[in-house]
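J.: Chain residues, written in single-letter form:
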Amino acid sequence: MTERIGVYVCHCGHNIAAVGDVEKVAQYAGTLDNVVIARDYKYMCSDPGQELIKNDIQQLGLTRVVVAACSPRMHEPTFKGALERANLNGYLLEMANIREQCSWVTDNTQNATEKAKSLVRGAVRRVYYHRPIEERVVSVNKATLVVGGGIAGIQAALQIAEAGHKVYLVEREASIGGQMAKFDKTFPTMDCAACILTPKMVAVSQSPNIELLTYAEVAQVDGYVGNFTVTVRQKPRYIVEDLCTGCGDCTTACVLKNRIPDAFDEGLSKRSAAYISFPQAIPLKAVIDEKECLLLTKGKCSKNCVEACSREAIDFSQKETVRRIEVGSIILATGFELFDARKAPQYGYGIYDDVYTGIEFERLTNASGPTQGKILTKRGEEPKSVAILHCIGSRDENYQKYCSRVCCMSSVKFAHLVKEKTDAEVFEFYIDMRTFGKQYEEFYTRVQEEGVNFIRGKGAEVAKVDGQLVVRAEDTLLGAYREIPVDMVVLNTALVPRHDAEKVAQIFGISRSEDGFFLESHIKLDPVTTSTDGVHIAGCCQSPKDIPDTVAQGSAAAAQSLAVIATGKVKISPISAWSDPAVCAGCRICLGLCPFKAIGFNEEKKVAEINQAVCKGCGSCAAGCPSNAIVVSHFSNQQLLAEIEGVLA
Amino acid sequence: MTACNACYLALRRATERLEEYPRLKDKMEENLQAAGLSYRGKVTVRHLLELVVSLGPDVLLKQIKKPLAGLKVACYYGCQLVRPRYYDDPEDPQSLDQLVELMGATAVPFRHKAKCCAASLATTKEKVALKMIKDILQDAHEAGAQLIVTICPMCQMNLDAYQDQINAAYGLNLELPVVYFTQLLGLAFGLDSRQLGLDKPVVSPKRALASFL
Ligand SMILES: Cc1cc2nc3c(=O)[nH]c(=O)nc-3n(C[C@H](O)[C@H](O)[C@H](O)COP(=O)(O)OP(=O)(O)OC[C@H]3O[C@@H](n4cnc5c(N)ncnc54)[C@H](O)[C@@H]3O)c2cc1C
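Residue numbers (our numbering), protein chains in the order written: chain A, 1164 to 1812; chain B, 29 to 241.
Calculated directly from the structure, the hints in this document are not laboratory data.
Predicted model only: the values in this text are computed from it and were never measured.
Among these hints, one or two may not hold up.
Restricting the straight-line Cα-Cα distance to at most 20 Å, the calculated cross-link-like pairs of lysine to any residue (SDA-like) are [to be verified]:
1. K162/B - Q1509/A
2. K1564/A - D120/B
3. K1363/A - V1395/A
4. K1621/A - E119/B
Start from the sequences, fold in the hints, and give me the full structure.
T.: The following block contains the structure:
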């Protein structure tokens, strides 16, 4: 039987047609074997464009369609829909990408046109061998997993819970809250961070729909959208959570009291081995630090904590627990870390006293921080002058190229806090002021009026001259080199991806962008979904952003997950691999190649078996199979070879 | 291969510009042709330090006959080799430190390792130059260095030759020998100190190197 193929060449306005000669490509396509009709049109994806295809299918009896336009990632679903509306199976379509792969990569008309012709030739030959495929529909587990209990994860979890659905919130630390819990005030309104964050944290702990798993991490994810099985490892707290009231008696009794650098205070204060992260911690339960506790490390301690605990909540026999959780979708909200200022030694961090990072300054100004909120130098004096340096590790070819977005505003916040709490002169060193958000410019103006000195020029160096800290910079407005002596320096360091972002990306099967943050499906139009269906991202794990944007994205991710739940069923790609048991030699090479662990080995029959529900159709196994036993639907050898022959013909 | 930072930067910048801007290449070709010459553009510019380091620690260690144990050295890179970033960190370069450690000596922490030596300002704006040189010498001295090692003859001269004037101007008594890095390497390789020109610097390195000469 021969096929009746229609070819549709899109101008994409000027995008394709300004370089490639679309009419010539269409004319040429008309001469190819089995092509019944070939047309070009200004916007194939528009309603009239799709109508064109639909009508041709119905009136000319087309059995296959080739659309030469943009990337299939853009419009394949659009054109599949057009075919289906004309009662043709959507998989009888092939797209040739003559925009990104032709017109956008050259300004030479001849080259663009010739390459477009060969891609169309390949597509026409390939589509001849396409087979109709039915999409698979599976039902959805209505629970959601949220990973990371910063403000992004909290927002998403609360929203889904309010809609009446189950949420598992997995947080690595002993308390939720994330970075925001460390701040004193938040720009632009300067409301107290704890006052706006704590109610949300409490709501999490009180929601009947949220199961909070702190001190826990996801070790493995199996399955696919609608039906994920997640393995969670929970570290022992050595405290029975149900008994602990968070009274803190164990922390005062601990023999290591005031001996261990407190990570929540960025190491600026010391805590005990038994501790509560911070006064508003959720859950408000003590933890015993197993890396420090004398009993757990040396096997010997007077165990004052046990004696002090009237509830008998301390249990040194606790072990790590492993749980399996079933969910339908996942929201990753693992946030960010801060650039290590030691990597830029020119700023003297870790070398000179009184050089702090921005997050350390947050602790210094926080009422529950190491100085009870007083801004003091190491010697315990109020500084007479403070320098705040923007862009440490951001917008810098040597470290991170990108702008960290929040530091201009947090620097302005720091300046305001110094002015409010001390009589110090404040100098800000900036490249450009980026105060883009709602009420941000107004806040900046207000702080300018408070008498803060804004110096346009990146701080180049922090040095110590005769015992005095000095900041050196080029003031680009004055056109002069300046050296400003100060008592305290705040380095506002870049927001960077978590150190284990790659590992987390692998566990959840998603990608990262060049800057190391998690990659969204589309930077503008799809900032929440990822390359893995059902895995959504929110907050600073996607890119540096402020709290308003983080909260908005947390809500957006919740909406995505709620959409999965609301449909009750999800379509999963029917493109999957199948191994022919008659051909399979049982070598097991494919088992190691499969990134989704979809292939098992049937010991009885000694053949590989592919779990269709887990297979994502990536084709690694088919390419690796030495006996050609594996076929990927929609990517058969016949189809691929025909396409290659066509392109090269 | 260049032994001087300034030459290195000028040559490397020229080759890179030619690669980046084809029009520049055409123009240069035009001018060369007028003189009956042509340039095929196959030159890679490298600094001597980079070449030595690229031999790798194994090869170098084999040659080291006389380890400079106990010698405290400030490694001075100057400002031009490492900027813009090419093969070492512009703010905290390490390759010379590692080489010096291979020789058995100790590289002291040295904040001024990539600061400018004032270059030709030493002849045109002496006052400015003296302050810049003083800061470098003083930092090396405070870091406990017995000797400064450079990778550029101009830096070597600036740091070495003006110590008397600096002492007079600032009321100091600096006396820090400054040598080129191959001189120190040669010593570790067991070569003769005369062959290495170790008698040539203005501030004699004799005392600092006494136990290795
Ligand atoms: C110095 C500074 C000051 C700032 N000030 C302001 C301000 O005043 N106003 C403002 O709007 N914005 C401010 N910001 C920005 C603000 O911090 C962020 O917008 C916000 O914290 C992002 O929240 P998040 O939930 O995405 O990430 P995070 O706060 O980083 O939370 C992520 C959470 O995930 C957990 N986690 C990480 N990895 C895992 C894992 N693998 N498994 C389980 N859990 C994991 C972490 O422990 C953490 O609890 C400031 C930022 C900085 C650096």
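J.: Out of the numbered hints, which ones does the structure contradict?
T.: Those not satisfied come down to hint 3.
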